[in-house]
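The sequence shown lines up with residues 245 to 522 when you count with our numbering.
Hints may be right or wrong, so weigh each one.
To be verified - Label pairs and their calculated CB-CB ranges:
1) Ser285 with Gln352: 50 to 60 angstroms
2) Val431 with Ser469: 13 to 23 angstroms
3) Ser503 with Ser397: 20 to 30 angstroms
4) Arg500 with Phe320: 38 to 48 angstroms
5) Gly276 with Arg254: 21 to 31 angstroms
6) Glu480 with Gln372: 16 to 26 angstroms
7) Ser293 with Leu272: 43 to 53 angstroms
8) Phe453 with Gln372: 26 to 36 angstroms
9) Ser491 with Gly388: 16 to 26 angstroms
Stated by the list, open to error - Dumping the calculated DSS-like pairs for lysine-lysine here, alpha-carbon to alpha-carbon at most 25 angstroms:
10) Lys409 with Lys345
11) Lys345 with Lys357
12) Lys357 with Lys409
It should be emphasised that the hints constitute simulated quantities derived from the structure, not laboratory data. Glycine residues also receive a C-beta, built at the ideal position from the N, C-alpha and C atoms.
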Amino acid sequence: MTTQGDLWLRFNYWFVSNSASLRKWWVLILLGFAVFFIVFSLTNIIVYSISFPREQRLIVRMIDASGLYTGLREQFLPQALATSGAAVVNGTGTKKDFLVKVTNPNEQWVAEKINYTFSLGAHVTEEQSGSVIPAHETYLATYGEEVASDAGSSVSFNIVDVQWKRVSPLSQSVVDVFSVDEVQYRVSSQGQPVRNVGTVTATLSNESFTGFWQAPFTVVLMNGSTPVGISRVYIEQFEERTTRPLSVQWSPAPSRVDSARIIPEVDLYEQTNIMTAQ
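Take the sequences, apply the hints, and build the full model.
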């Protein structure tokens, strides 16, 4: 019967007898690992040196593509509307009108529907909607607001959202289609009790060969560069190559007015508003 001591003696005898061979195999194994790591490292260095320029080119292409995308995005997406000069002015009677200057810098985008509000202190107007045609500067307004006397004086304008419509450039702009002449502003005393009434009159001309079912115009009273009154007028069935009178009143009249601006607002892209020949 083989005891544990006999097994241990046999193992020691075998180890001593084959120690030279074991040392040889151990050296070969270490050399094998060393060769493997050297080959692995050299292979990675070679692969990296070959692929690095290609990766650099890919990165440069990605950067160029990103710049191209940004340029295309700026070219094919509308720029934001620019706003300035939000103000509150006297309206009819004791009511107030809110207004702001809005510029659409895009030549191929109509701001078809702009939802907006004004705020004066804690007073916030109901949401209104308006539009601005391409490459056009005008005023958006909210009319006839009952405002508390202690509401404050700081007016802010907030665009809730804008719906854009891409259009093709036209050969004529709205200011080429409509001319505004003989603009006058006068103040007269009317009614009992007597109050000053401001009146703007002008002659509007449709210079185009197209008639419009409805032609809106914004009328702004100015004191220097500051708007002090605003109104919107609609000329119905404004036929081609015709002139129409315009008359707008403010009661009471603003205290200081030195000029009046009349801004045509007709959307020339709105086909349903064009009068077809009978």
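Hint by hint, here is what the structure shows:
1. Ser285 with Gln352: 50 to 60 angstroms: holds, 59 angstroms
2. Val431 with Ser469: 13 to 23 angstroms: holds, 21 angstroms
3. Ser503 with Ser397: 20 to 30 angstroms: holds, 24 angstroms
4. Arg500 with Phe320: 38 to 48 angstroms: Cβ of Arg500 to Cβ of Phe320: about 46 angstroms, so the range 38 to 48 angstroms holds.
5. Gly276 with Arg254: 21 to 31 angstroms: holds, 30 angstroms
6. Glu480 with Gln372: 16 to 26 angstroms: Check passed, 22 angstroms falls within 16 to 26 angstroms.
7. Ser293 with Leu272: 43 to 53 angstroms: Between Ser293 and Leu272, where Cβ atoms are some 31 angstroms apart, the hint is violated.
8. Phe453 with Gln372: 26 to 36 angstroms: holds, 34 angstroms
9. Ser491 with Gly388: 16 to 26 angstroms: Since the Cβ atoms of Ser491 and Gly388 sit about 20 angstroms apart, the hinted range of 16 to 26 angstroms holds.
10. Lys409 with Lys345: With a Cα-Cα distance of about 21 angstroms, the restraint between Lys409 and Lys345 holds, given a limit of 25 angstroms.
11. Lys345 with Lys357: Holds, at roughly 16 angstroms.
12. Lys357 with Lys409: holds, 9 angstroms
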